[in-house]
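Asks: Spelled out from the first residue to the last, the chains are:
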Amino acid sequence: MTEKADNLRAYWQRLLDERLRSYVVVVAASLLIIFVLGLIAGSLYAGLIPVLFGLCGLGLRWSVMPIFCVISVAWFQALPFGIPVYSPPRIDASYTHFRISDLLLVAAVIVYLISQYRLYSLAHLAVPDDRIFRKRRKNELPDLRNPDLVEEREIPQILVIMALVLIVGQFLWLILSEVVLDFRILPPFRMRESGLRRDWSWTISSRLIMFAIGFGIVIFTGRLFFWWWKLRRLNAEEAQLILADTGWVEMRREAARLETWRSDRIDRKRARLIPRAPKRKPKNQKPWLGPALGRACLTLMVAIVIALVLVCGGSYLFLRLFRI
Amino acid sequence: MLTARGWWTAAIATVMAALGLTGLGDTAPAIPILGLTILAWFLLELTLFAVRFRRNSGQIGIVREVLQGGRSVITAWAKSTCTVRVTITNRGPSAWPLVFMKDRLPEGRKIRGGDNTISSELQPDVPVVIEYELRSNSAGLYRFEGVEFRVSDLTGMFYRRYFQREPLDVLILPPLTDDEGHQRADKRFNSLPPPGLHRLRRAGGGSELLDLRDYRPGDPPKMIAWKPSAKKDKLITKEYESDVPVRVMLFLDQSESVRIGPAGETPIGKLAETASGIAQAAAASRDLVGLTRFDEEKSDVLTPARTKVHTIRLLGKLAEAAARMPNPGPRQIDELQDVAYPIAQEMYPELFDKEYNSRPWGMYWLPLMDTRWGWIVAAPVFIWMALIYFQFFWVVNFTFNVVRVVRPRIGTLWLDVPLFFLTAIMAFFLPFTVFVLVWFFNGIRGFFPGRARRMRKRKQLAAIFVTLDQDSPGKIERYLRDDDALADRIGRFLTDHQVRIPPKLYDQFGKYRYRGESKAQVLATAMLHTIVRARDNELYVVLADLNDLGDDLEPFLKAIRVTRSRHHHVMVVVPWPEDMPPPEPARNGVPDEELTWRAHQPGRFVHLALMRGYQHRFEELRTNLARVGVPVVRASVDDPVRIVLDRIDRIRGMRSRR
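Protein sequences appear in the order of chains A and B.
Taking the numbering used here, the leading residue of the first sequence gets 1, the next gets one more, and so forth.
Taking the numbering used here, the leading residue of the second sequence gets 1, the next gets one more, and so forth.
Accuracy of the hints is not assured; some may be wrong.
Under the rule of at most 27 Å between Cα atoms (straight-line distance), these lysine-lysine pairs were calculated in the DSSO-like manner [unchecked claim]:
(1) K354/B / K457/B
(2) K354/B / K230/A
(3) K79/B / K110/B
(4) K269/A / K511/B
(5) K308/B / K79/B
(6) K511/B / K298/B
(7) K230/A / K457/B
(8) K298/B / K558/B
(9) K269/A / K504/B
(10) K238/B / K222/B
(11) K102/B / K457/B
(12) K234/B / K222/B
(13) K102/B / K230/A
(14) K227/B / K238/B
(15) K222/B / K232/B
The set of hints was computed from the structure by calculation and includes no laboratory data.
Generate coordinates for the entire structure from the input sequences, incorporating the hints supplied.
Replies: Here's what the structure looks like:
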């Protein structure tokens with residue numbers, strides 16, 4: 001408990017450092033915008049709860065809170081009162097592009113996420129360590145970004161990134177909502193008919209299919225590109241490892257058999273070399289058939305019992321389930 | 001590559017986008033827009049990070065300097081702080097916005113000042129410097145492996161680990177001493193003898209004036225001292241010191257028993273320090289010093305000389321001996337694996353990539369027929385097949401009898417018929433059914449978490465070892481199946497990286513594993529070889545752990561007798577543990593009160609018993625060697641350098657030491 005309190009105190013000391021102040025202000029401002037937009041869109045809860053999550057994330061360094069904040073924003077967009085007593089009516093998609101309220105909300109959330117994550121890197125934990133340690137030292141300080149490295153241009157950079165992704169997001173939504181797949185024509189796309197039409201379900205399916213295909217293409221292309229890049233930049237050891245590993249995969253079973261026989265042979269030879277304790281003749285004891293035979297018999301018995309249990313149990317369950 | 005923060009962000013953005021694209025998007029369009037925007041931001045950050053990482057990896061330059069006394073050196077001195085300066089330069093085209101750089105410390109060493117880690121931005125062609133201080137208490141080796149980079153983006157959603165391997169071995173030479181055997185200090189000591197005293201009292205052909213005497217006919221005219229002759233009005237001749245030196249031969253034990261201990265605190269470190277003190281002090285008196293290193297198998301010789309180059313070479317040999325690693329002995333493979341795996345993971349992170357170092361599912365399966373007893377389960381199948389072939393109707397009869405008893409009677413025709421046939425098939429191929437069950441349950445055990453984790457680690461290590469050795473792929477399977485082969489390879493891996501693991505001191509029969517019986521014979525042979533080439537006035541200083549040899553010391557005692565018969569002198573210096581009290585005088589049958597079983601806890605009792613045993617063995621050794629006229633000195637308790645130097649002076653014919 002004391003260690004946790006000390007860590008929290010240290011976190012607060014870092015948070016109050018003047019070099020981090022610009023990030024703290026940006027986080028607070030973006031949370032304020034989320035609060036106001038939530039209030040305007042629906043209820044007090046819609047504004048308050050995401051902000052509470054955000055404040056917990058900021059003040060108590062609960063690193064999962066930014067995610068909860070985003071989820072709660074989305075939740076109150078779908079259900080303004082938080083519970084399904086009232087859900088907004090359907091809107092024609094053509095009226096949903098580049099709306100000021102959406103732009104402001106998304107911009108606030110993006111700025112909040114970026115600045116909160118950067119703040120965590122400065123005050124809480126920059127990166128985790130995925131290694132297995134032989135010996136871990138107690139009271140080891142977390143890896144943090146040096147506050148001296150914070151530059152004045154970082155906040156404008158965040159705003160530029162936000163503007164860029166805001167436009168990309170809106171255009172993606174525009175494409176997905178206005179373009180419909182139609183396999184009767186070539187190329188298989190057409191513009192969506194305006195209004196709430198009867199082919200609404202196909203429009204939704206079309207959106208999902210296009211999203212899945214587009215997302216898949218982006219991921220696949222990116223993966224392929226970086227894979228190719230990685231192969232071009234292989235060092236000698238990596239190349240050697242690939243060759244060895246491929247060779248092993250191809251010959252694994254055969255090599256395993258050979259090595260098993262070999263190690264058996266070595267074990268027996270070693271067993272002969274180790275001086276054994278003089279044997280004592282047991283009194284009135286039946287001859288022992290050997291550990292291998294005993295183990296095999298035991299396994300056979302266990303297997304038979306399991307087989308019987310399976311057959312009987314299965315039959316019983318079958319009869320009970322079908323009430324036969 | 002993705003941190004937990006990154007995973008959660010990507011997951012929540014994808015789910016929001018996908019949900020928003022359903023009917024939810026028509027009632028609340030902010031949800032898909034938010035999801036798509038976060039996804040776009042995530043992909044942008046991911047691409048930027050991956051491009052920056054790929055462009056720079058492999059293009060980081062590292063320059064390491066070891067500084068001592070303000071100068072860059074290739075060897076360091078023990079008991080003196082040295083500064084390690086690592087200059088890291090990014091020669092790639094992109095900047096890494098956030099990097100945690102850590103210079104891997106030599107194994108078992110602690111930092112005395114500065115810091116070996118730094119978090120910084122790595123701009124192209126802008127060097128970053130890591131500087132810290134190290135200090136070793138005894139001779140040995142600093143093994144620098146390289147620098148670890150943990151690269152991240154500013155938001156901490158992505159990170160990669162990268163290790164730039166730049167191995168460098170820096171020998172730690174034993175500390176410098178003056179001609180009295182003391183450690184050097186800033187203040188210089190006057191090492192000249194007082195006026196009128198001479199270290200080398202015999203007259204000879206040296207260059208230092210020893211005495212003046214009356215001229216005797218036959219003396220060379222150039223030796224006449226003209227000024228005293230003019231004063232005394234008779235011819236006076238100058239006499240010079242004899243320069244005939246004493247030859248000192250050091251025998252240094254580098255067997256397994258003296259290598260045990262933490263880095264920088266091993267017995268061989270103390271012995272090397274003593275040897276170095278003797279060698280430097282003797283060299284300062286213009287005596288010749290040689291070195292013979294020996295272990296359980298062989299010995300090597302550095303012939304005596306007195307030049308500075310020779311002294312430095314001798315110190316280097318001592319440092320090499322002190323840097324040798326002990327063989328930890330036969331260990332459980334899991335124990336070794338647990339030590340080696342984190343080290344390999346730290347130093348070869350790229351070789352743990354799943355794409356290169358694969359882990360197919362099949363490798364976890366345990367094949368039944370690879371066991372010794374698998375045939376016992378398989379044999380009934382073949383017997384049964386033979387029975388079907390030769391006694392078909394008996395098998396059919398058996399099947400019907402079994403089915404009649406155990407077949408399920410449900411009462412519904414469409415269920416009864418298939419169950420009848422299923423039961424009949426199982427009964428007809430009964431051993432086969434059992435075989436399949438045994439095969440399945442035996443094989444599936446390999447997927448259980450503990451075993452699967454061990455197997456995964458083992459495969460990864462095996463593949464890395466094969467890569468480092470440029471071996472054939474079949475060797476991977478050998479390392480997976482053969483514990484001894486893998487243990488041997490892990491042992492070499494740990495030795496290469498100077499990683500010490502606590503050795504097993506006793507074998508399965510409770511016998512001390514590091515007695516090194518054969519080293520007495522090797523030492524004796526080395527001494528006899530030295531005697532063959534010996535001249536007058538030789539001193540043999542044996543720095544060895546002979547405590548545990550007991551009766552196996554006989555070859556060494558014989559060699560000592562031969563040495564003494566040739567009028568050489570022998571001294572023995574043995575290592576002495578820091579926490580071991582000196583042996584007490586003989587009790588003459590009086591029981592040791594401390595060693596009463598009931599007075600102490602068992603642990604304390606064992607500790608005391610071991611201590612008494614060590615002291616007793618030392619007493620025995622001292623008695624045995626005293627019988628052949630050889631004194632025994634304890635390193636780090638007595639002052640062995642001083643004692644040896646006194647002995648040198650005695651051999652030289654005079655006590656001139658202060």
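Asks: A separate judgement is required for each hint: does it hold in the structure or not?
Replies: Cross-check of the supplied hints:
1. K354/B / K457/B: Holds. K354/B to K457/B sits at ~12 Å (cutoff 27 Å).
2. K354/B / K230/A: Given that 27 Å is the threshold and the Cα spacing comes to 13 Å, the pair holds.
3. K79/B / K110/B: holds (14 Å)
4. K269/A / K511/B: Holds, because 23 Å separates the two Cα atoms, which is no more than 27 Å.
5. K308/B / K79/B: holds (21 Å)
6. K511/B / K298/B: The hint holds at about 24 Å.
7. K230/A / K457/B: holds (24 Å)
8. K298/B / K558/B: holds (19 Å)
9. K269/A / K504/B: holds (24 Å)
10. K238/B / K222/B: holds (9 Å)
11. K102/B / K457/B: OK: K102/B and K457/B at ~25 Å, within 27 Å.
12. K234/B / K222/B: holds (15 Å)
13. K102/B / K230/A: holds (24 Å)
14. K227/B / K238/B: holds (11 Å)
15. K222/B / K232/B: holds (18 Å)
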